[in-house]
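Enquirer: Next come the chains, spelled out residue by residue.
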Amino acid sequence: AQKVTQAQTEISVVEKEDVTLDCVYETRDTTYYLFWYKQPPSGELVFLIRRNSFDEQNEISGRYSWNFQKSTSSFNFTITASQVVDSAVYFCALRPIIQGAQKLVFGQGTRLTINP
Amino acid sequence: EAGVAQSPRYKIIEKRQSVAFWCNPISGHATLYWYQQILGQGPKLLIQFQNNGVVDDSQLPKDRFSAERLKGVDSTLKIQPAKLEDSAVYLCASSSSGIVEQFFGPGTRLTVL
Numbered sequence: 021a022q023k024v025t026q027a028q029t030e031i032s033v034v035e036k037e038d039v040t041l042d043c044v045y046e047t048r049d050t051t052y053y054l055f056w057y058k059q060p061p062s063g064e065l066v067f068l069i070r071r072n073s074f075d076e077q078n079e080i081s082g083r084y085s086w087n088f089q090k091s092t093s094s095f096n097f098t099i100t101a102s103q104v105v106d107s108a109v110y111f112c113a114l115r116p117i118i119q120g121a122q123k124l125v126f127g128q129g130t131r132l133t134i135n136p
Numbered sequence: 002e003a004g005v006a007q008s009p010r011y012k013i014i015e016k017r018q019s020v021a022f023w024c025n026p027i028s029g030h031a032t033l034y035w036y037q038q039i040l041g042q043g044p045k046l047l048i049q050f051q052n053n054g055v056v057d058d059s060q061l062p063k064d065r066f067s068a069e070r071l072k073g074v075d076s077t078l079k080i081q082p083a084k085l086e087d088s089a090v091y092l093c094a095s096s097s098s099g100i101v102e103q104f105f106g107p108g109t110r111l112t113v114l
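Protein chains in written order, with our numbering: chain B, 21 to 136; chain Y, 2 to 114.
Just chain B, same shape as in the assembly (with noise of 0.2 Å):
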């Protein structure tokens, strides 16, 4: 089975503070994708990014970062100099890589608020 764990239902930090957004993720499948999503008020949720299991390069993409370490099972986000667009609830979800199902497990989400 399949589980993606966000253990912090909420978060609240002023603007320009930098923030982690945790995910843990569970699976049995030897190749996978992980991924994480956004979703502002306007509830659409908005692809941020995607790593595969076979390549633990961390990424950087201007103020975001993403830490993904395959021997705690953990794929992190970090936001650097937060702003209050950045305001939003953030999904971090799993795939198998096999054909066909191509279903996403989603974590509960984190709500992130940042304040002026």
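Simulated from the structure, these hints should not be mistaken for lab results.
Each residue gets a CB set at the ideal place from its N, CA and C atoms; glycine is no exception.
Where hints are given, some of them may not hold.
Stated by the list, open to error - Per label pair, the in silico range of CB-to-CB distance:
id, chain 1, residue 1, chain 2, residue 2, range
1, B, THR40, Y, LEU71, 44 to 50 Å
2, B, ASN78, Y, SER97, 25 to 31 Å
3, B, GLU76, Y, GLN18, 47 to 53 Å
4, Y, GLY54, B, ALA101, 44 to 50 Å
5, B, THR92, Y, ILE100, 25 to 31 Å
Stated by the list, open to error - Pairs of lysine to any residue residues, derived as SDA-like cross-links and limited to a Cα-Cα distance of at most 20 Å, are as follows:
id, chain 1, residue 1, chain 2, residue 2
6, B, LYS58, B, THR133
7, Y, LYS45, B, GLN103
8, B, LYS58, Y, ILE100
9, Y, LYS45, B, SER85
10, Y, LYS45, B, TYR45
11, B, LYS58, Y, GLY4
12, Y, LYS84, Y, GLU102
13, B, LYS58, Y, VAL101
14, Y, LYS45, B, VAL109
15, Y, LYS45, B, THR133
16, B, LYS58, B, SER85
17, B, LYS58, B, SER91
18, B, LYS23, B, ASN72
19, Y, LYS16, Y, LEU40
20, B, LYS58, B, GLN103
21, B, LYS23, Y, LEU61
22, B, LYS58, Y, LEU40
23, Y, LYS16, Y, THR112
24, Y, LYS45, B, ARG115
25, Y, LYS45, B, VAL44
26, B, LYS23, Y, GLU102
27, Y, LYS45, B, GLN22
28, Y, LYS45, B, GLU64
29, B, LYS58, Y, PRO107
30, B, LYS58, Y, VAL55
31, B, LYS58, Y, LYS16
32, Y, LYS12, B, SER62
33, B, LYS36, B, GLN119
34, Y, LYS63, Y, SER97
35, B, LYS23, Y, ILE100
36, Y, LYS45, B, THR47
37, Y, LYS12, B, ARG115
38, Y, LYS63, Y, SER98
39, Y, LYS45, B, GLU46
40, Y, LYS45, B, ARG131
On the provided structure of chain B, position chain Y as indicated by the hints.
Expert: Relative to the frame of chain B, chain Y by itself:
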């Protein structure tokens, strides 16, 4: 490029009534998904279509939920009869062959009274 379209955006019904949601995927995307997102939870897949065939409907409550994707483009999701616990946001997503990412629509927020 137009994104995934869904309608209606909001729907309020009473329990035991029927309701239908519509989704138009991104042009050319062969795979279409319906997810259910209950308040405070992550989305859960209800059904996945590849063109007009069902790939995965293992989590679809088939006694009351049905979905179809005629002609492999638009899709409708129906609930009949609705229960209080069906109150949720219903998200439609699509993806293209060779592309891993799923692109989501704005969702339909259903309230069952």
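Enquirer: Give a verdict on every hint.
Expert: Each hint tested on the structure:
Separated by about 46 Å at the C-beta atoms, THR40(B) and LEU71(Y) satisfy the suggested range of 44 to 50 Å. Between ASN78(B) and SER97(Y) the beta carbon distance is about 28 Å. The supplied range of 25 to 31 Å therefore holds. Hint check: GLU76(B) to GLN18(Y), Cβ distance near 50 Å, so the stated range 47 to 53 Å holds. The hinted window of 44 to 50 Å between GLY54(Y) and ALA101(B) holds, with their beta carbons roughly 47 Å apart.
The supplied range of 25 to 31 Å is met by THR92(B) and ILE100(Y), whose beta-carbon atoms lie about 29 Å from each other. In summary, the hint linking LYS58(B) to THR133(B) is supported, as the alpha carbons are separated by about 13 Å, within the 20 Å threshold. Only pairs whose Cα atoms come within 20 Å are accepted, and LYS45(Y) paired with GLN103(B) is rejected, the gap being roughly 29 Å. A hinted pair counts as satisfied when its Cα atoms are at most 20 Å apart, and LYS58(B) with ILE100(Y) qualifies at roughly 19 Å.
The suggested pairing of LYS45(Y) with SER85(B) is violated, with an alpha-carbon distance near 26 Å, which exceeds 20 Å. The hinted pair formed by LYS45(Y) and TYR45(B) meets the criterion: a straight-line CA distance of about 16 Å does not exceed 20 Å. Among the hinted pairs, LYS58(B) with GLY4(Y) is consistent with the structure: their alpha-carbon atoms are about 16 Å apart, no more than 20 Å. With a CA separation close to 32 Å, the supplied pair LYS84(Y) and GLU102(Y) exceeds the 20 Å bound.
Taken as a hint, the LYS58(B) and VAL101(Y) pair is honoured in the structure, with Cα atoms around 17 Å apart against an allowance of 20 Å. Distance check on the hinted pair: LYS45(Y) and VAL109(B) sit about 16 Å apart at the alpha-carbon level, within 20 Å; holds. Taking the CA atoms of LYS45(Y) and THR133(B), the gap is near 24 Å; set against the 20 Å cutoff, the hint is violated. A hinted pair counts as satisfied when its Cα atoms are at most 20 Å apart, and LYS58(B) with SER85(B) qualifies at roughly 14 Å.
Between LYS58(B) and SER91(B) the alpha-carbon distance is near 25 Å, which puts this suggested pair outside the 20 Å criterion. About 17 Å separates the Cα atoms of LYS23(B) and ASN72(B), which keeps this hinted pair within 20 Å; it holds. With a C-alpha separation of about 18 Å, the suggested pairing of LYS16(Y) with LEU40(Y) holds against the 20 Å cut-off. Annotation: proposed proximity of LYS58(B) to GLN103(B) holds, straight-line Cα distance about 14 Å (limit 20 Å).
Restraint check: the Cα-Cα separation between LYS23(B) and LEU61(Y) comes to about 19 Å, which is no more than 20 Å; the hinted pair holds. For the hint pairing LYS58(B) with LEU40(Y), the CA-to-CA distance comes to about 16 Å; that is within 20 Å, so the pair holds. Restraint check: the Cα-Cα separation between LYS16(Y) and THR112(Y) comes to about 9 Å, which is no more than 20 Å; the hinted pair holds. For the hint linking LYS45(Y) to ARG115(B), the alpha-carbon distance of about 13 Å falls within 20 Å, and the restraint holds.
At most 20 Å may separate the alpha-carbon atoms for a hinted pair to count; LYS45(Y) and VAL44(B) meet this at roughly 18 Å. Of the pairs offered as hints, the one joining LYS23(B) and GLU102(Y) holds, with about 19 Å between alpha carbons and a cut-off of 20 Å not exceeded. Under the criterion of a C-alpha separation no larger than 20 Å, the hint pairing LYS45(Y) with GLN22(B) is consistent with the structure, at around 13 Å. Annotation: proposed proximity of LYS45(Y) to GLU64(B) holds, straight-line Cα distance about 15 Å (limit 20 Å).
At roughly 12 Å between alpha-carbon atoms, LYS58(B) and PRO107(Y) fall within 20 Å of each other, so this suggested pair holds. Between LYS58(B) and VAL55(Y) the CA atoms are separated by roughly 28 Å; this puts the pair beyond 20 Å, and the hint is violated. The suggested pairing of LYS58(B) with LYS16(Y) is violated, with an alpha-carbon distance near 32 Å, which exceeds 20 Å. With a C-alpha separation of about 16 Å, the suggested pairing of LYS12(Y) with SER62(B) holds against the 20 Å cut-off.
About 42 Å separates the Cα atoms of LYS36(B) and GLN119(B), which puts this hinted pair outside 20 Å; it is violated. Between LYS63(Y) and SER97(Y) the CA atoms are separated by roughly 27 Å; this puts the pair beyond 20 Å, and the hint is violated. Of the supplied pair hints, the one linking LYS23(B) and ILE100(Y) is violated, its CA atoms being roughly 23 Å apart against a limit of 20 Å. Between LYS45(Y) and THR47(B), the direct Cα distance comes to roughly 17 Å. Compliance with the 20 Å bound is thereby established for this hinted pair.
For a cut-off of 20 Å, the pair hint linking LYS12(Y) to ARG115(B) is broken: about 31 Å separates their Cα positions. Between LYS63(Y) and SER98(Y) the CA atoms are separated by roughly 28 Å; this puts the pair beyond 20 Å, and the hint is violated. For a cut-off of 20 Å, the pair hint linking LYS45(Y) to GLU46(B) stands: about 17 Å separates their Cα positions. Proximity of LYS45(Y) to ARG131(B) is assessed by CA-CA distance (about 18 Å); at most 20 Å being required, the pair is judged to hold.
Consistency note: the structure conflicts with the earlier hints numbered 7, 9, 12, 15, 17, 30, 31, 33, 34, 35, 37 and 38.
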